[in-house]
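Chemist: The primary structure of each chain is shown beneath.
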Amino acid sequence: MKMDEETVEGIEVDLLLEALRRRYGYDFRSYARATVERRVRQFLSEMSVASIADAIPRLLHDESFAITLMQHFSISVTEMFRDPEVYHVLRSAVVPLLKTYPHVKVWHAGCATGEEVYSMAILLREEGLYERATIFGTDFNDAALQSAKAGIYPLQKIQEFTKNYQRAGGRRSFADYYHADYDSALIDSALKRRVTFANHNLVTDTVFGEMTLILCRNVMIYFNQELRARALRLFTESLVRGGFLCIGTREDLTFSEVVDAYEVVDAKARIYKKKAA
Amino acid sequence: MNTSRTHRAAVIGGSAGGLEALGALVVALGEGCPLVLVAVLHVHRTSSVALVAQSLSARGSIVVSEARDKEQARPGQLYLAPPDYHLLIERDGGLALSVDAKVRWARPSIDVLFESAARAFGKELIGVILSGANDDGSDGMAAIKRFGGLTLAQDPASALHAMMPLSAIERGVVERVAPIEGIAAILRARSGATEVER
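Going down the list, the protein sequences come from chains X and E. Numbers 1 to 277, taken from my numbering, label the letters of the first sequence in order. Numbers 278 to 475, taken from my numbering, label the letters of the second sequence in order.
Okay, chain X solo, but in the shape it has when bound:
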């Protein structure tokens, strides 16, 4: 029987995802498929594995291979103060309202290697909110969380981070927030004090706590419709009334079931406020 090559490859990916789910309990079937496939292909070519089918027996029997694969295709790339204009709006439109709370709880869902978590720590510190804030960064990828906790970034990225920080309305010198060491930049320990990183999987875990501000930027683009809907329900349940949700600048709530639960704070920055009732 003749079958198109792309169909066969699709079956291989199905089987690989099924193997990961049944053997290790991680379900990537609800992730946006095209990117998962691309990352699988990329990983296998780096590991010189000839075909997707060849990887299946190996990941069933070799746990470290499977973990490396899952880490590889779940890591996302971000920067400090990515989309500076969003931080500008957070500062001007959200922070004044956060100041009315005795305690502020911020949740970065899908924080990857933590760049945006520390960006928020800097912003809250400059706004005098840091001491009454708790910032949570969660991800299901333990390797990413380890990097996030370490807060060490390549020095070559600092120039870009600094430019972003300035465009985001930063009030000091960005150099105040890190220590350069050879080719690395280490985030200042004062910024870590009120930050907690923890493992949380948006596919399987439930409400993480009662939050004042939730940021989940460029994470749900990696999900399919159902998983995205699940994550949005989770965020809506977690937010206090009047709490804020900030999503990626190319994501939107328009066609989601939770849209009526929010009013728009800033359409371009994708910042929403949970309605009182």
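Hints listed in this document are in silico derivations from the structure and should not be mistaken for laboratory results. The hints are all genuine.
Keeping only pairs whose Cα atoms sit at most 20 Å apart, straight-line, the calculated DMTMM-like set for lysine to aspartate or glutamate is:
| hint | chain 1 | residue 1 | chain 2 | residue 2 |
| --- | --- | --- | --- | --- |
| 1 | X | K268 | X | D252 |
| 2 | E | K347 | X | E226 |
| 3 | E | K400 | X | E6 |
| 4 | E | K422 | X | E5 |
Starting from the structure of chain X, add chain E where the hints point.
Modeler: Just chain E, lined up with the frame of chain X:
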């Protein structure tokens, strides 16, 4: 003569000079073309693709818009990758964005779009490489060819920057080389919009 529809989608990539070429292609497609059209142009991360889409829409009868995540791509419309995001096509024809690392210094990357589209549309896909001054797109064209799709390159002599089409041609993954009007004619014919080319 019969019209026959052999292809469902075309993916288009361009860099330096690519916007001019894409504009000419939209004009040359005239009354339209019932293919799903998806394009990556290398643009600066702060540029407005929404404005580019608006100006392209005004030049022809094809509706041009910035691609939105999880949007279903429709025939006869042209979707442009937003700046600083990769654009992929799912097997069900849905559009998907990603912020994965740059590929050959580019995000959006032509290769990323083409490689996903090759798997989504197989032999019903056409890949088009326009003007550009780097070699993004060559791997993508190879993938399209491998999955049975048709590969076209803008005639380097007619491109503002020849390197991108030349690189794909030298890789041996381009089936037809044509100026913009020729590419438009092939797209229209393969979409069933006009008579089969002779």
